[in-house]
Structures are given as C-alpha cells and as structure tokens.
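Going down the list, the sequences are from chains A and B.
In this text, residue positions in the first sequence follow our numbering: the first is 1, and each later residue adds one.
In this text, residue positions in the second sequence follow our numbering: the first is 1, and each later residue adds one.
Treat the hints with care, since some could be wrong.
Partial pick of chain B residues on the chain A-facing surface, computed with a CB cut under 7 angstroms [as the list claims (entries may be wrong)]: (1) Y39; (2) L44; (3) L46; (4) Y50; (5) G53; (6) K103; (7) G107; (8) G108.
No lab work stands behind these hints: they were computed from the structure.
Positions of the beta carbon are idealized from the N, C-alpha and C atoms, including for glycine.
Chain by chain, the residues:
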Amino acid sequence: DAGITQSPRHKVTETGTPVTLRCHQTENHRYMYWYRQDPGHGLRLIHYSYGVKDTDKGEVSDGYSVSRSKTEDFLLTLESATSSQTSVYFCAISTATNEKLFFGSGTQLSVL
Amino acid sequence: AQSVSQHNHHVILSEAASLELGCNYSYGGTVNLFWYVQYPGQHLQLLLKYFSGDPLVKGIKGFEAEFIKSKFSFNLRKPSVQWSDTAEYFCAVNARDKAAGNKLTFGGGTRVLVKP
Numbered sequence: 001d002a003g004i005t006q007s008p009r010h011k012v013t014e015t016g017t018p019v020t021l022r023c024h025q026t027e028n029h030r031y032m033y034w035y036r037q038d039p040g041h042g043l044r045l046i047h048y049s050y051g052v053k054d055t056d057k058g059e060v061s062d063g064y065s066v067s068r069s070k071t072e073d074f075l076l077t078l079e080s081a082t083s084s085q086t087s088v089y090f091c092a093i094s095t096a097t098n099e100k101l102f103f104g105s106g107t108q109l110s111v112l
Numbered sequence: 001a002q003s004v005s006q007h008n009h010h011v012i013l014s015e016a017a018s019l020e021l022g023c024n025y026s027y028g029g030t031v032n033l034f035w036y037v038q039y040p041g042q043h044l045q046l047l048l049k050y051f052s053g054d055p056l057v058k059g060i061k062g063f064e065a066e067f068i069k070s071k072f073s074f075n076l077r078k079p080s081v082q083w084s085d086t087a088e089y090f091c092a093v094n095a096r097d098k099a100a101g102n103k104l105t106f107g108g109g110t111r112v113l114v115k116p
C-alpha cells in the first residue's frame, strides 16, 4: 500500500467547532486530494492540491478549507462543523492528474 | 463539467453468476476512465483504467471493462463472480481537457453482494 496516513481515524465533534483532518504521505507525490464519501453519492471531491501552496476547489468545497505547506502534508479544515459534514473523508495522492489515485484509510467524522 | 452515472445501486447475485455494472458519463471531450473497488472496511483501490487504444481493458481479479465512445459508456464485467467480489464498485472519469481541471469525478457507486 502507498504510504498515506490519515489522522485521526475517528472523530466525534459538536456543531460549530473547528476540525482539522490531516493527510500525510511518504511517496513524494505531487497531487493530493480530499474526498468525502456518502451513501448514494459516491466520492465527491472537496479540494485538491497540485503542489506546495497550490490548491483548488472541488465540487463540494463550501465549508472547507485546505492548506499544503509541505509536499507530504495536506490539511483539511472545517472552520465551523455542521451535521451535514458528517461523513467519511478520504485523502488520495497521485503522481499525475491522469494516473491512478492511491487512497488513505479514511477518517470517520461525526458532527453532533 | 463531467458527470458519471451508475445505474444500479445494489446488485445481489450468486457465486459463478456473471456480473455487469453499468457506467455512463457525460462529457464532450476526451476522457480517462477508471473503475475502483472498495472491499468492506477497506479503502478504494484501482481495478482497471482506460486511457486510449483497445477499448476492451482487462484489470485485476478477472474484471474487464469496455469503452463504447458512441454510448459514453464504460461497463464493468466479470464472467463468474466469487464471494470475495462482494464490495462497492465505483466508476470514475477524468477529463483530459486542461480547462476542465484536474478532477476525477466518481459515480455514486454500486454495492455488489455475492451469495455463497
């Protein structure tokens, strides 16, 4: 498996609190992605990064921000968590946009 | 923007039966196509991909998929399934047009249950 570590693996938080999820890779891949997985919706792209300090929005970016200060780390922040953000969050990496994605093990986030 | 539609949300079949999962996409330009699989409790992993060339591509574990450009389809097939094929399957599309952005769009997924 590709060297991708997501932390935490599980988190329960309250509405209105800030939450940061971390994705760490040891593969030196240029591209990193944050997806959320919800029943019936498959995976939806939240944000992605094509290099250090280079990020762009995905299809469901509202309520989320990201930062990539180092190649190996891609942080996803929920500034003020809402119940609609209860989901499983997956980080993914790739060497190029047209190459396959390697996924992390996911973070189960519950917002009460 | 591209979109992906998987017609079946749930499929139940017996071992040794044949499997075909439908996938249609909407995008007018050139695309790359993927099928990913997620086994229970695991993360997604690539089954197969199509970039160009022979429209019939073979992947791991006996899966294959056929790209039919005129139908905007990329259906996944396996002639004889096993209990271990129980999983959720996702079709995904990546538009090659730079203007479309570097985004891989996933379908809603199809849960496949293979009964022993």
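To see whether the hints hold, each was checked on the structure:
1. Y39: violated (12 angstroms)
2. L44: holds (5 angstroms)
3. L46: holds (4 angstroms)
4. Y50: violated (11 angstroms)
5. G53: Result: violated, 14 angstroms to nearest chain A Cβ.
6. K103: holds (6 angstroms)
7. G107: Check passed: Cβ of G107(B) comes within 5 angstroms of chain A, closer than 7 angstroms.
8. G108: holds (4 angstroms)
The structure fails hints 1, 4, 5 (numbered hints given earlier, in ascending order).
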